[in-house]
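K.L.:
Listed in order, the protein sequences are those of chains C and F.
Mapping the first sequence onto numbering that gives the first Met the number 0, position 128 (from 1) lands on 127, and the numbers just tick up by one.
Mapping the second sequence onto numbering that gives the first Met the number 0, position 19 (from 1) lands on 18, and the numbers just tick up by one.
The reader is advised that the hints may include incorrect statements.
List of simulated lysine to any residue pairs, SDA-like, C-alpha gap at most 25 Å [what the hints assert, rightly or not]:
#1 C:K161 / F:E27
#2 C:K4 / C:V80
#3 C:K161 / F:C3
#4 C:K66 / F:Q16
#5 C:K161 / F:F147
Derived from the structure by calculation, the hints contain no laboratory data.
Computed from a predicted structure; not experimentally measured.
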Amino acid sequence: MEEEKAWIQRALAGDQEAFACLVGAYQTAVYNLAYRMLGNATEAEDAAQETFLRAYTRLNTYDSERKFSSWLLAIVSHHCVDRLRQRRWGWLSLDELPPWRWLSSSSRPEEVVIRGEERDEVHQLLNQLPPHYRAAVILHYWYDLSYEEIAEAMETTESAVKSTLYRARHMLAQGTLAHQNRQAVSLAQRAVAEG
Amino acid sequence: MASCQDIGLLMSLVLDQSLDESEARSLEEHLSRCSTCRQEWEAMQRISRFFTDAPLMEPPPGFADRVMQRLARRQARRQGLLAGAALLVTCLSLVALALPETVRWLAMLWQVFTEPSLLSHGAKLVAQLLGLAESLARACWLITTAPFSSFDRPVLLGYSFLVLVLTVLWIRLVVGSRVGYKPVINNV
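Put together the whole structure using the sequences plus the hints.
P.N.:
As structure tokens, this is what we get:
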């Protein structure tokens, strides 16, 4: 922590090497959030780079009472939410693209990861959520942030975070169940057709 | 009795380990008799496990270097823009300072060059210079040849007197007219 504060102080004085240390320390956190939000490696790298440039420019607005990581994650999530809102088809409705096959009870997440399919499927799942739901889910699951920390990063209240997480989970669960029902109907129709 | 929507919120809270004992009992009770909520609860748990097990994505190699290169480029561009802006402001301020004087001089020059008397005087001046050159050439020729000819000696004296008179007249004419030339210039 002391080292981090020293880097921040030196970066504030214009020392780019100190800022490079901060980039090295937080590059995975920033890139992962951008990647999970945007679902595209090229766009994620661009968004993550832009985040660090904005952080450097706005470093004088950083409140040292806050966690630096929360401040940085707030910049990434806002930037990615803005990018997603600029996309015409940034997220699709639940019925348009059902990625639920891997969520059948026989398919464990670790097995999916081993099959090398995890990246797209996590993205397809997150892609069903509106941008700010997506940000809350990612900050909760990948960064293990408390409601308070997520609220701080998203500039909202703790109760709004609880509500957002519930709505996101509800949307995803309903999507899963709808997909399973469609599969069951399809299987039944096939069985009837085959006699 | 809690509604299915209230129970949905409790399911979400229990996944975050933010549920107290009485709420947990209420959830358990509801799930034991509501198959719809039970299905949703199982789906929520599967999704939650899937996200929990998904790893952090590492940035591609060289990411930090690319960030710093982009930062350096942006800083250089910003400094270039600042320097350009400073130069522009400096030039504009100098122009603003010099503008009244420049306008006055330009107006004066414009009036000088558009004054018709300048052209006519110039043409006269050139003609007179050519005439003078011709007279001087003739004089030089007479001076160099006259000493060798007794016939030309009175002619030389006469011609020298004539050249002297003409020269005086030309000087009076030219110098007098130049001194007398005053273009009309309005004060700006």
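K.L.:
Now tell me, hint by hint, if it's right for this structure.
P.N.:
Status of the hints after comparison with the structure:
no., hint, verdict
1, C:K161 / F:E27, "20 Å, holds"
2, C:K4 / C:V80, "28 Å, violated"
3, C:K161 / F:C3, "17 Å, holds"
4, C:K66 / F:Q16, "23 Å, holds"
5, C:K161 / F:F147, "129 Å, violated"
In terms of the numbered hints stated before, the structure departs from hints 2 and 5, listed from lowest to highest.
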